[in-house]
Every structure is written in C-alpha cells, then in structure tokens.
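Protein chains in written order, with the working numbering: chain A, 1 to 354; chain B, 1 to 385.
Simulated from the structure, these hints should not be mistaken for laboratory data. All the pointers check out, no bait thrown in.
Which bits of chain B does chain A cover? Going by a derived footprint, with three or more residues having C-beta under 8 Å, they are: (1) 132-142; (2) 162-172; (3) 199-205; (4) 362-372.
Among chain A residues calculated to face chain B with C-beta under 7 Å, some are: (5) Pro58; (6) Ala62; (7) Leu76; (8) Ser97; (9) Ala109; (10) Pro166; (11) Pro241.
If you want the footprint, here are the derived chain A segments under chain B, 3+ residues with CB under 8 Å: (12) 87-95; (13) 100-107.
All C-beta atoms in this analysis are idealised placements derived from N, C-alpha and C, irrespective of residue type, glycine included.
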Amino acid sequence: MSETLTMAAALNRALGDAMRADPDVVVYGEDVGILGGVFRITDGLTEEFGEERCFDSPLAEAGILGTAIGMAMNGLRPVVEMQFDAFAYPAFQQVVSHLAKLRNRTRGAVSMPVVVRIPYGGGIGGVEHHADASEAYYAHTPGLRVVSPSTPADAYTMLRESIASPDPVIFLEPKRLYWSKGPVNTTDPGAALDRAARRREGTDLTLIAYGATVEIAEEGAALAAEDGYSAEVLDLRSLAPFDDETVTESVRRTGRAIVVHEAQGFVGYGAEVAARVSEQCFHYLEAPVLRVCGLDIPYPPPKLEDLHLPSAERVLDAVRRLQWESAWTATDGEDRAAVSAGVAHTAGSTGGAS
Amino acid sequence: MERTNGPRAVPRTTRLAPPEVVADPPLPSSRPVTLVDHDGTRVSDSSFSPPPPETLGALFRAMVIGRRFDLQASTLARQGRLAVYPSSMGQEACQVGGVLALSDHDWLFPTYRDSVAAVTHGIGPVEVLTLLRGNWHCGYDPHAHRCAPQCTPLATNASHAVGLTYAARRKRGEEGSTATTAALVLMGDGATSEGEAHEAYNYAAMWNAPVVFLVQNNHWAISVPVSKQSKAPTLAHKGVGYGMNAYHVDGNDAAAVYSTVAHALREARAGGGPALIEARTYRMEPHTNADPAHRYRDQGEVDYWRSRDPIERLETLLRAEGHLDDEVRARIDTDAELLADTLRQRMADDDELDPADLFANVYATPTPLLQAQRQRVARVGKVRR
Numbered sequence: 001m002s003e004t005l006t007m008a009a010a011l012n013r014a015l016g017d018a019m020r021a022d023p024d025v026v027v028y029g030e031d032v033g034i035l036g037g038v039f040r041i042t043d044g045l046t047e048e049f050g051e052e053r054c055f056d057s058p059l060a061e062a063g064i065l066g067t068a069i070g071m072a073m074n075g076l077r078p079v080v081e082m083q084f085d086a087f088a089y090p091a092f093q094q095v096v097s098h099l100a101k102l103r104n105r106t107r108g109a110v111s112m113p114v115v116v117r118i119p120y121g122g123g124i125g126g127v128e129h130h131a132d133a134s135e136a137y138y139a140h141t142p143g144l145r146v147v148s149p150s151t152p153a154d155a156y157t158m159l160r161e162s163i164a165s166p167d168p169v170i171f172l173e174p175k176r177l178y179w180s181k182g183p184v185n186t187t188d189p190g191a192a193l194d195r196a197a198r199r200r201e202g203t204d205l206t207l208i209a210y211g212a213t214v215e216i217a218e219e220g221a222a223l224a225a226e227d228g229y230s231a232e233v234l235d236l237r238s239l240a241p242f243d244d245e246t247v248t249e250s251v252r253r254t255g256r257a258i259v260v261h262e263a264q265g266f267v268g269y270g271a272e273v274a275a276r277v278s279e280q281c282f283h284y285l286e287a288p289v290l291r292v293c294g295l296d297i298p299y300p301p302p303k304l305e306d307l308h309l310p311s312a313e314r315v316l317d318a319v320r321r322l323q324w325e326s327a328w329t330a331t332d333g334e335d336r337a338a339v340s341a342g343v344a345h346t347a348g349s350t351g352g353a354s
Numbered sequence: 001m002e003r004t005n006g007p008r009a010v011p012r013t014t015r016l017a018p019p020e021v022v023a024d025p026p027l028p029s030s031r032p033v034t035l036v037d038h039d040g041t042r043v044s045d046s047s048f049s050p051p052p053p054e055t056l057g058a059l060f061r062a063m064v065i066g067r068r069f070d071l072q073a074s075t076l077a078r079q080g081r082l083a084v085y086p087s088s089m090g091q092e093a094c095q096v097g098g099v100l101a102l103s104d105h106d107w108l109f110p111t112y113r114d115s116v117a118a119v120t121h122g123i124g125p126v127e128v129l130t131l132l133r134g135n136w137h138c139g140y141d142p143h144a145h146r147c148a149p150q151c152t153p154l155a156t157n158a159s160h161a162v163g164l165t166y167a168a169r170r171k172r173g174e175e176g177s178t179a180t181t182a183a184l185v186l187m188g189d190g191a192t193s194e195g196e197a198h199e200a201y202n203y204a205a206m207w208n209a210p211v212v213f214l215v216q217n218n219h220w221a222i223s224v225p226v227s228k229q230s231k232a233p234t235l236a237h238k239g240v241g242y243g244m245n246a247y248h249v250d251g252n253d254a255a256a257v258y259s260t261v262a263h264a265l266r267e268a269r270a271g272g273g274p275a276l277i278e279a280r281t282y283r284m285e286p287h288t289n290a291d292p293a294h295r296y297r298d299q300g301e302v303d304y305w306r307s308r309d310p311i312e313r314l315e316t317l318l319r320a321e322g323h324l325d326d327e328v329r330a331r332i333d334t335d336a337e338l339l340a341d342t343l344r345q346r347m348a349d350d351d352e353l354d355p356a357d358l359f360a361n362v363y364a365t366p367t368p369l370l371q372a373q374r375q376r377v378a379r380v381g382k383v384r385r
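In isolation and in its complexed conformation, chain A is listed as follows (with noise of 0.2 Å):
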C-alpha cells in the first residue's frame, strides 16, 4: 500500500514498524524520548514502546556507541542516533575498534545488528558541525555497511533492511531531504539493500551519486540533456558494499562517468568510485572519470555553503569537461595556466574536476 509521506515521516514509520515487529528492536540517543529527536524521526516513539525501548541517552556519544555494542552481544538490536554528523566524531573509537571488528575478531561467534542512524551532511543552513558528510570515513572501515536513501520509499525500506541486517549499518540520513515528500510503500520489501538504483537513463554518460547528491545530478542531468547529452543517474543507496556490478554495466555502455558527492573530494569516497571504474572499464572509457564534490576545505559558514555544495550547474560544467572532442580536455584552461606556472599543488587538490 502506497501513501504519500516525507523522508521523516518514512523514517519514523520504519523505526516503529521494526520496533511492532521485532520486541529486540530499542531505540535509544540524545533527545529521541519525549521530544522525538531534534528532527523528529523519533516522534511518538517512546509513547507507544515505552521508556525500555525508546530513550534519552546521556549526552556522550562513545557511551551511546558503546552500550550498543554491549546490548548487541547479548541480544538486542539496538537503534541509534547521533544527532549530527560531527556529533558522531566522539564515538568514533567504538565505530572503528569495536562495532566494525566484532564478528571478525571472534571468527563469527558474535554479530553486531546495530544500526547507527547520522543526520548527515549540509545545505540546510546550519552552523559549523552540524553539516559535515563523513561517509569515507565509515565506508574505508571493513566490517561496516554504509547506506545512504535518497527518497522516502528507499528510506523506509533501507532502514527496515538495515535493522534486519546482522551486521552493523551506518544510515546516513540526508538531512535536507527530511521534508522531501513521495510515495512509500510499506509492504513491498523494495531493492535489496546493497544494489543501485538506475534513476534516469542515458547513453552519453553515467552520473554517479547518493543522498542528497541524486536531486543534484538529476538537476545536472536536465541541464545535460538541453545541450544535448543524454546523462544516465545511477543511485549507489550502499556506499559500502559498492554495486560494481551495476556501475561497470552503466559506464560499460555509456563510456564516461561523473561521481557527484559534497564530501571533500581528496581521498574522498569519489575518489574509490573513480579507481574502480577505471579498474572495471578502462577499455571502454571516453574520458577520465570526474568528480564533482566539495571544495577541499572545512565545511563552510552556512552563507557560502552554496560554493561549497556540488550543484546542476557544477555537474553540467563537468559533463562538458568530458573531452567530447579530441581537442578537449577534462582539466579546465585556468588549471593547466596553474600546473604550467608550478604552483598545482596550492591550487586545489582536485583541480579540474570540482
């Protein structure tokens, strides 16, 4: 059955969804109680599941983390959130050393079904900490699944997977897509959790995104198509484990590929997405694959996090950077000027392709 609901109200449908159906399921952070999260995900939550399942934490991330870890050894499934992305930074430790290490370091005998719930990245005005995209750091650690939704269906079904799963999930939820509204179907089990999604076809070119980064290379895709380049937009929805099999299928066929993320791009998760591509279809490869990110800076005061964000406009700047003609080529004049007078290095790190 298919309703019309916000990323939010998807979110939360899942969290009490999964909670009805499986009584391991607690959710617990700062302010998830009785305020229903400062986004609301939480909303209603500790009202209809009680203050055993759904709960104010202390303010102290790595606790959080780590109770989590705690109560997954011993049967629960626990929920968490951290309340923005650089929030998360203190719990760090347990992510990495512990969360992600478990299963493996006891061959099997215990598993982590812990999902780890991060309000993610920028573009909704907010002040320093509270806007950073951290996916490369999660997604470089084995033993994580890494998942971001870009639409309220995948985001109901993306996190009902996620609880299910065994192993540990970081949900990064794009924040300034909560009030995105579409169709959720709460019945139907969707994509599987670890396969892209193929939101608009092409033949020209593949643009690579996830999150809040989707309704950006689609915008570019349109702005692609009025100067005449069909733009295929692929949806990794799992950062970690990557979909090699649909994105080397896309670029196969289209020859030229775009990974569009607002992280950083320098050892960015881009970067990854880059190399594999060119591992997997380097014979079938037009032009360099590009990236479009943010600037290899701190993330910005909300005023100029606009310059900073990827945009359609930054996207169709690289789609014609993508040596349609011989005489092209992907770096831009202003950069080569850069590379000649040998200052490259203190010209950004990513140079041409942001």
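We have chain A; now place chain B onto it with these hints.
Coordinates of chain B only, in the frame set by chain A:
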C-alpha cells in the same frame, strides 16, 4: 528594562525553592581494605568479612596456577612463540580474586593484561593466548564462556558491559531466567584517564547497571607512573562523582579483592547500582616482554613489592591456620606444571592457518569484493612462517 551596574536584586515576590538536602556520599578510605596483611596475618575489617577457608584455598590454588601460566607465557614470548606477552605477575590477587567472585550468569570483560583472569575463568590457555600468539584476535567463543574478547583499546570495554547487562535485564523475563546478570570489567590505572571510562561510569550509574569496574592500579601505564595519571586521592574516589559505590582495596590481598568484588556484585545484582573498585597492586614485570622497564623505574621499588607477593602472603596464612601443608602445595604445583607442560606442547608447532579465514567473518556474508580478494589470495598469497 532598567539597567543597573550591580547585581540584579531578587524581587520580593520570588519564591525560591528550598535547597535540596544532599547526604554526604561515603568516601573511599585512603587506607585500603585489607583482610590479610603482607606478612600473612589476618586483619579485621568492619565492612568485609574474610572468605571461608575453602575459598581462600581456591584463591591460593588459582593464583599458583595463574603465575605458572604467566611464567610459561613469558617464556613462550622469549622463544618467539608469542608475538608479545604483557605479564600480570604480581597481580594474581586481582585477576583471581575478581574472577572467582563471579557467578555462572555473570560476564567478564578482560583486557590484554588479563590472561590469567581468563584462564581462571575457565578458558583454555591456548585459546586465551590466541590473540598474543598472532593466530587470531580472540581464540574463544565469548558466549560460551561469558567472557568478552580481551580488549586492547583502553577503557572501551567498560560501556559494553553496561549495555550487555541492560540487554540481560530486558531479556530476563522473556527467557524465563530469574537470575540477574552482572558484569566485571577489568581496567588498568591508565584506563581511568580515558574519556571512555568517564562515559561508561556515568552510563552505569544512570542506568543502575549491575557492573563492577575493577581498576587494577599496578602503578605503571607503560612508563608513566600513576602519580602522573591522576590527582585524585585514590582512583576509587573517582566513583563518588558518578554516584557509584566505590572501594579502595589492597590489590595484593586476594581475600580482600574477592570479598570486595563479591560484595559489590551482590549489591549490584540487588539493585544497588554499579561499583568502582581500585585494587592497588604492582606489575612486577615490564609492560610487555618488549619493554625495558629499568629505564623508568628503580629496582628498589620492584623489590619492595616483591616482598608483598600476593601468593606468599596467602600461603603464610593458610599454613599458619592449618589449611595448607607441603603435600597440598605439591599437588597444586603438579597441576600447575601439568598446565605449563600442556601449554608448551600445544604451542611447540605453528598451527596451520587457513587464508580463507581472513574473509570469512568480516560480514555475515562475504561481499563480492571480499570474494574476489579471497580468490586472488588463494592464487598468489602465501602465509609467512
């Protein structure tokens, strides 16, 4: 609103709530709880009664076997059979006293220095040494033994115990068990400086978790003395700030450690909340076999603590009270030698390791990436000997 330079006067109509009366929390004594003095004589303590003779005998036996295990492990490290070994020689009263106070439903959360505790807990010595041998990270099934993997990052195991007992409380009714699961967390003095210790203590107190944190203050965090670790009068004082029961105990007195931990576990199970216990002991050996301890500490200090050996102390008492003689001691020594013998034999050869194990348990189901890497390793990989 009118601005004034001075402090604003409280309007007469404002009613202030009466100040809440807070009772003074009991402070841990600077004099540690001691039941058997370092010369092996009994000391009376108003709060803790000494364990019965059979318990003292069990503590003594476990300490002798634990020390033999520890010595054997140190030798195996020198022989290159272990990648590294952090000895706990001198800390047997803590390792044994804490573990023997656990009930069958309880869990143990040990660190890398707590191999003797794990052996005392009933885990096979080879399985305990799997981590330090380098064969795998944890050599035993934590659920089968109710023992978490030995933890290397400091203080990070403490919050796991809090969560685990929370889950146990939730599960208790469902599974028909009426026993409360408590947990014993072993930590070092250095670990109490970590932020994670603070968070775990605070969570435990807030959730009234049946968790006992046993801090083995062995005086040295590698080369840093406890005097550079904390300004607290005792590490036990840290518990008071969290609203926890806190005790300061002679960590070379197995009777005192056992009694204090058993008491704290009983209180915790009965709903009295968690406890922080500082057991003051001494690490006789270097941090690990790779650590030149003479660079940072005097031999005189080591000799002082050697004269307060936890095993000799209890032996003196047991002999004086007629619970131990040469024959019993010889039987214990034989058992200890047998354990060392078995350990030596089982560690004499390298185990055959399967490269496929590298990929088997990263995720519940190996990802395509790992499947591809497994095939590549099978094709070109080689295990170093």
